Amino acid sequence: MTVLQAIRGAAGRVALRKRMMVAYWFFHTLMAAFVAVPLAGVAVSNLGHSRYGAELARGFDLSWLVEVYFYLQGGPLAAILPMVLLAVFLLFLGSIFLSGGAVKMLVYDGPDYSPRMFYEGCGRYFWRFLRLTLYSMIFYGTALILQRILRKLADQAWGEGMEDHQLTIAGWVVSGITIVLFALVSTAMDYAKVRLVTDDSRKSLRAAFGSMRLVLTHLGKTMGVWLVLMVFLAVFAGLYLPLSNWLHGGGAGKILTLILVQQLYVFGRVWLRMMAWGAAVELDPFVRPKPLPPLEPVFVPVAPGPEPPEFLAGATAEPEV
Amino acid sequence: MRFVLALLACVACAHGAMSRQVASYDIKATLDTKTHIITGHEVLTWVNDSPDTVPALRLHLYMNAFSNSKSTFFRESGGQLRGDQFKGDEWGWIDIRKMELDDADLTGAIRFVHPDDNNADDRTVIEVPLPRPVKPGETIQVSIVFETKMPMVFARTGFHKDFYLGGQWFPKIGVWETAGFRYSTAGAWNCHQFHANSEFFANFGKYHIELTVPSPMVVGATGELKSRTESRGRTTYTFEQEDVTDFAWTAQPTYLREERMFLADKETTPQEVAAAAKLHGIPESEVRLSDVKMIALVQPEHREQMERHFASLRAALKWFGLWYGRYPYKTITVVDPPANAAGAGGMEYPTFITAGTFWKLPPESRLLEEVTVHEFGHQFWMQLVATNEFEESPLDEGFNTYSTSKVMDQVFNGMGELPLRFMGVNLWKLLGFPGLRSNSMNRAQYLLFPSGDNLLRPAWQYYNSTSYGINSYYKTGVALDTLEAHLGHDTMARVMRTYHQRWRFRHPTARDFQKVANEVSGQNLDWFFDQFFFGNRQLDYSVGDVINRQQRTPLGAVDRNGKRVVVTRKEAEAQDDKNDDNKNFKKQYECTVKVRRLGDAAVPVEVWIHFKDGGTEKRTWDGQYRWVKYTFLRGSEIDWVEVDPGRKYALDISYANNSWESDYNIRLSTSWTMQLLFWIQNISLWMTSLA
Numbered sequence: 017m018t019v020l021q022a023i024r025g026a027a028g029r030v031a032l033r034k035r036m037m038v039a040y041w042f043f044h045t046l047m048a049a050f051v052a053v054p055l056a057g058v059a060v061s062n063l064g065h066s067r068y069g070a071e072l073a074r075g076f077d078l079s080w081l082v083e084v085y086f087y088l089q090g091g092p093l094a095a096i097l098p099m100v101l102l103a104v105f106l107l108f109l110g111s112i113f114l115s116g117g118a119v120k121m122l123v124y125d126g127p128d129y130s131p132r133m134f135y136e137g138c139g140r141y142f143w144r145f146l147r148l149t150l151y152s153m154i155f156y157g158t159a160l161i162l163q164r165i166l167r168k169l170a171d172q173a174w175g176e177g178m179e180d181h182q183l184t185i186a187g188w189v190v191s192g193i194t195i196v197l198f199a200l201v202s203t204a205m206d207y208a209k210v211r212l213v214t215d216d217s218r219k220s221l222r223a224a225f226g227s228m229r230l231v232l233t234h235l236g237k238t239m240g241v242w243l244v245l246m247v248f249l250a251v252f253a254g255l256y257l258p259l260s261n262w263l264h265g266g267g268a269g270k271i272l273t274l275i276l277v278q279q280l281y282v283f284g285r286v287w288l289r290m291m292a293w294g295a296a297v298e299l300d301p302f303v304r305p306k307p308l309p310p311l312e313p314v315f316v317p318v319a320p321g322p323e324p325p326e327f328l329a330g331a332t333a334e335p336e337v
Numbered sequence: 113m114r115f116v117l118a119l120l121a122c123v124a125c126a127h128g129a130m131s132r133q134v135a136s137y138d139i140k141a142t143l144d145t146k147t148h149i150i151t152g153h154e155v156l157t158w159v160n161d162s163p164d165t166v167p168a169l170r171l172h173l174y175m176n177a178f179s180n181s182k183s184t185f186f187r188e189s190g191g192q193l194r195g196d197q198f199k200g201d202e203w204g205w206i207d208i209r210k211m212e213l214d215d216a217d218l219t220g221a222i223r224f225v226h227p228d229d230n231n232a233d234d235r236t237v238i239e240v241p242l243p244r245p246v247k248p249g250e251t252i253q254v255s256i257v258f259e260t261k262m263p264m265v266f267a268r269t270g271f272h273k274d275f276y277l278g279g280q281w282f283p284k285i286g287v288w289e290t291a292g293f294r295y296s297t298a299g300a301w302n303c304h305q306f307h308a309n310s311e312f313f314a315n316f317g318k319y320h321i322e323l324t325v326p327s328p329m330v331v332g333a334t335g336e337l338k339s340r341t342e343s344r345g346r347t348t349y350t351f352e353q354e355d356v357t358d359f360a361w362t363a364q365p366t367y368l369r370e371e372r373m374f375l376a377d378k379e380t381t382p383q384e385v386a387a388a389a390k391l392h393g394i395p396e397s398e399v400r401l402s403d404v405k406m407i408a409l410v411q412p413e414h415r416e417q418m419e420r421h422f423a424s425l426r427a428a429l430k431w432f433g434l435w436y437g438r439y440p441y442k443t444i445t446v447v448d449p450p451a452n453a454a455g456a457g458g459m460e461y462p463t464f465i466t467a468g469t470f471w472k473l474p475p476e477s478r479l480l481e482e483v484t485v486h487e488f489g490h491q492f493w494m495q496l497v498a499t500n501e502f503e504e505s506p507l508d509e510g511f512n513t514y515s516t517s518k519v520m521d522q523v524f525n526g527m528g529e530l531p532l533r534f535m536g537v538n539l540w541k542l543l544g545f546p547g548l549r550s551n552s553m554n555r556a557q558y559l560l561f562p563s564g565d566n567l568l569r570p571a572w573q574y575y576n577s578t579s580y581g582i583n584s585y586y587k588t589g590v591a592l593d594t595l596e597a598h599l600g601h602d603t604m605a606r607v608m609r610t611y612h613q614r615w616r617f618r619h620p621t622a623r624d625f626q627k628v629a630n631e632v633s634g635q636n637l638d639w640f641f642d643q644f645f646f647g648n649r650q651l652d653y654s655v656g657d658v659i660n661r662q663q664r665t666p667l668g669a670v671d672r673n674g675k676r677v678v679v680t681r682k683e684a685e686a687q688d689d690k691n692d693d694n695k696n697f698k699k700q701y702e703c704t705v706k707v708r709r710l711g712d713a714a715v716p717v718e719v720w721i722h723f724k725d726g727g728t729e730k731r732t733w734d735g736q737y738r739w740v741k742y743t744f745l746r747g748s749e750i751d752w753v754e755v756d757p758g759r760k761y762a763l764d765i766s767y768a769n770n771s772w773e774s775d776y777n778i779r780l781s782t783s784w785t786m787q788l789l790f791w792i793q794n795i796s797l798w799m800t801s802l803a
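These protein sequence lines map, in sequence, to chains A and B. Going by this note's numbering, the first residue of the first sequence is number 17, and it counts up by one from there. Going by this note's numbering, the first residue of the second sequence is number 113, and it counts up by one from there.
Source of the hints: derived by calculation from the structure; they are not laboratory data. All values derive from a computational prediction rather than experimental measurement. In this text, a Cβ means the ideal position worked out from N, Cα and C, and glycines have one as well. Among the clues, some could well be false.
[To be verified] Okay, derived cross-link-like pairs now, SDA-like style, lysine to any residue, Cα gap no bigger than 20 Å in a straight line: (1) B:K760 with A:A70; (2) B:K760 with A:L72; (3) B:K541 with A:V251; (4) B:K541 with A:L78; (5) B:K541 with A:D77; (6) A:K270 with B:W784; (7) B:K760 with A:F76; (8) B:K541 with A:G75; (9) A:K270 with B:R779; (10) B:K541 with A:L259; (11) B:K541 with A:L257; (12) B:K199 with A:E179; (13) B:K472 with A:E179; (14) B:K390 with B:D602; (15) B:K472 with A:A170; (16) B:K741 with B:R661; (17) B:K273 with A:E179; (18) B:K741 with B:D657; (19) B:K199 with A:A170; (20) B:K760 with A:G75; (21) B:K724 with A:A70; (22) A:K168 with B:G200; (23) B:K273 with A:D171; (24) B:K472 with A:S191; (25) B:K541 with A:F76; (26) B:K199 with A:A173; (27) B:K541 with A:Y256; (28) B:K760 with A:D77; (29) B:K541 with A:A253; (30) B:K541 with A:S260.
[As the list claims (entries may be wrong)] Chain A side only, calculated, beta carbon under 7 Å to chain B, not exhaustive: (31) R67; (32) F86; (33) R285.
Work out the full structure: start from the sequences and follow the hints.
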């Protein structure tokens, strides 16, 4: 299977799961709102009835952020911060929870979608995926160590020089390598999730290492998919950013349009996430080493044994012990 | 006393010199690039321009700040400056091999003194008792043989590979302050140790420096290059400059050196000159600028930034010149230090400054321009109006922050953007981030520590380095913005120019600036200076309660047509209902506004109360008590209230609480909440991708 075939197959799978995507987007948004609303509350309580708010909406002033920090430090900020951190942690757990349902629905070949099936997947795979996330730290950690080593090497080579550019270029290269390494781990974890669902296995560690080996041995296909999806993301961002800049600071109509455009962009990103999993589902059977077929029974003619000794009645039979 | 001082001043002024040339130097120095040692012979000519008899000399030996970790500089800075850490074992020091006055050997009498912190391990100031005191008006010549070891550069001066920046490298005399000079009550030396922050206070003088370096070196320095002679692989550069307070130099074989001329008549239009002359009420000839040779020494990898340095210098020469007075020297040299010598960047010396930039700095980032304009600006404050940076650093850094921001806004439309590019795409712009305005950036930094210290303190006595930076640079900049908003642009421009012109080539204090401000504005501004320059009052006005109470039919015994009538509740309610139903009935509201002073600074402030019928009431509150109440009987409710609507007081720590409006800003809250939600959704999706 080629990269494009995998993408096409994934698009087909995802197209069958529109309701699931809406549910995924909705819960993601709900969880994000738990973080966003208290933070926005800080701004709004500070500016809701102030004429300064309208001024900031016309042209943002960075000094306002410090003004808010100065006013809130030690007081409300100390109270809000732990809540926001907790909300971010819950958001993280929520993302893992939802991914169980999403992968399950993408692996499932039937045409129908039922919320029951989705949530059953969310619950069923939550702990496996959570363990998988923890194991993925090994790979991310390795990537970071590699990055450190590369930076150190660059520093040793050019760090004390009279020119910036070698170290700057080396920095770009190392950053690029780190992004690719992170993408590699992320892709491997996608395959691991698919494997855990397909096999209905609980062996997250084995899935993590197996998928990493799989991605490394089929680098062209697996990372090819990632690259195509990155191009999609760049296109989405390229369309979104200029449009959002144009819509900023406008009247009510523009604000509503902006909200719509933002959520379309987020929906686009949800689609890309589904595509990544969907492509992994498509590719997995082609790239995963086939398990050895069960051994068929082989007829082995039994060689005629030695003739039993002739029974000799009344002869030297041993007594049973 | 004043007559004596004036007489001595005339004695001290050399022919045609612009300043009293109290301390002049004739130095022959040779740099050994293998040992990084400068061996030099200095002839210091010092004029006692005071009415005092001076029994001893005090000199700075600032390179000893880098001699070990026990020096005051190292203890205060922790061996780092602006993020650059001292590494390795290339320490620096300065030794006086011989010191003579009129054939008398003073070397044995030298002793280290520590006037600021009693740190016995600090060797940055020496005192030398003289065989005979120096009489008023007398000139002495001290011959000094010295040896300076350059440190690895991390804090302004030193070397990195074959790059050298020579700042604070020779024995330099302190300032004798007689009673009545600045804050002095009795004659004494003002000769501070070398501290982590601030480093300039010196008399004006004439510098003649002969610097010998290996011939491949490209050299730049304070002043004009008078001659260049080569002999046996070594080249001697002779630089001269009158009316300056210090001398610095740089050498590196790979510098790209270019010159441009600032041609005053081309750079300024007749209209600009006429406008400045009119504003200040002076003849145009006094405003006209002079031509200046601009020299740039740039790293080869920053070749494409060469013209940006010249453009920055042009902007600074023009606007500082038109605003405060013409730049009086013939040259200005800007130096771009190499990578790993950034500690030498962003520094100012007379007619010689160091820049700060990066490889491939995008044009939309104004970092290069900001640093070059700022360091040039010091020529007008630290150098020409030679305040004591140790004791009143805001008079240099803060005044310069204020002036730099004005040039940046005038010429470069603020500070531009942060250099955020990916594969040639300007992400800053693409993400819709706003351009950075200089005054907004100054205010943002001021708000990090708005009243933790008095604005004016000895530089080493602020709460910490951050407080030094905030007070010396940003709070002063914001305070001057506030003063300008209070006085108006034109008056403030006259205050600044008068202060600069009156104190050019002299050594003013903050009190001198206050006097000029009072005099030129014709106002008593002591309330401003006492609270914000010499005190640390915090300014915070706020709109408190806003109450609109509709007038209802009065209850109880009321006077009606000269008769007492008792209005019952029932009657009043019936009347009110009737009024409410009557479309022609004009409702009346008792509108009450309370404005509060949350901070401890009290300043006169305007309060505007706008009603829904379109009318506006304007009041001025002296701010003396903690709050004030305004009550109005109007036909409509209050629409909005604003304290300081003209945003005069940039020192106010919160703009948000300065106003109140009846309509809740749904547009803002919706827009910002959705914006935040959008970004958190994106972060969450990235987390999902990685997990």
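### Task
Starting from K541 of chain B, check that the Cα of S260 of chain A is at most 20 Å away, please.
Between K541 of chain B and S260 of chain A the Cα gap is close to 12 Å, so the pair holds against 20 Å.
### Query
When you check the alpha-carbon spacing of K273 of chain B and E179 of chain A, does it fall within 20 Å?
Holds, at roughly 11 Å.
#### Entry: Satisfaction of the R285 of chain A interface hint, Cβ to chain B closer than 7 Å
5 Å, holds
### Query
Is the hinted pair K390 of chain B and D602 of chain B satisfied, with a Cα-Cα distance of at most 20 Å?
Distance ~11 Å between K390 of chain B and D602 of chain B Cα, so the pair holds.
### Satisfaction of hint between A170 of chain A and K199 of chain B, Cα-Cα up to 20 Å
18 Å, holds
### Message
Tell me if the straight-line CA distance from K541 of chain B to L257 of chain A falls inside 20 Å.
### Response
OK: K541 of chain B and L257 of chain A at ~9 Å, within 20 Å.
### Query
Does the structure keep K760 of chain B and L72 of chain A at a Cα separation of 20 Å or less?
Holds: K760 of chain B and L72 of chain A sit about 17 Å apart, inside 20 Å.
### Message
Check the hint pairing K472 of chain B with S191 of chain A against an upper bound of 20 Å on the C-alpha distance.
### Response
Holds - the C-alpha atoms of S191 of chain A and K472 of chain B are around 18 Å apart, at most 20 Å.
#### Entry: Status of the hint placing F86 of chain A at chain B (closest C-beta pair under 7 Å)
5 Å, holds
### Query
CA of K760 of chain B to CA of G75 of chain A, is that 20 Å or under?
Status holds; Cα separation ~19 Å.
### Query
Are the Cα atoms of K724 of chain B and A70 of chain A separated by 20 Å or less?
18 Å, holds
### Query
Does R67 of chain A pass the interface hint, meaning its C-beta sits closer than 7 Å to a C-beta of chain B?
With a closest approach of 4 Å, the R67 of chain A hint holds.
Of the hints listed earlier, there is not a single one the structure fails to meet.
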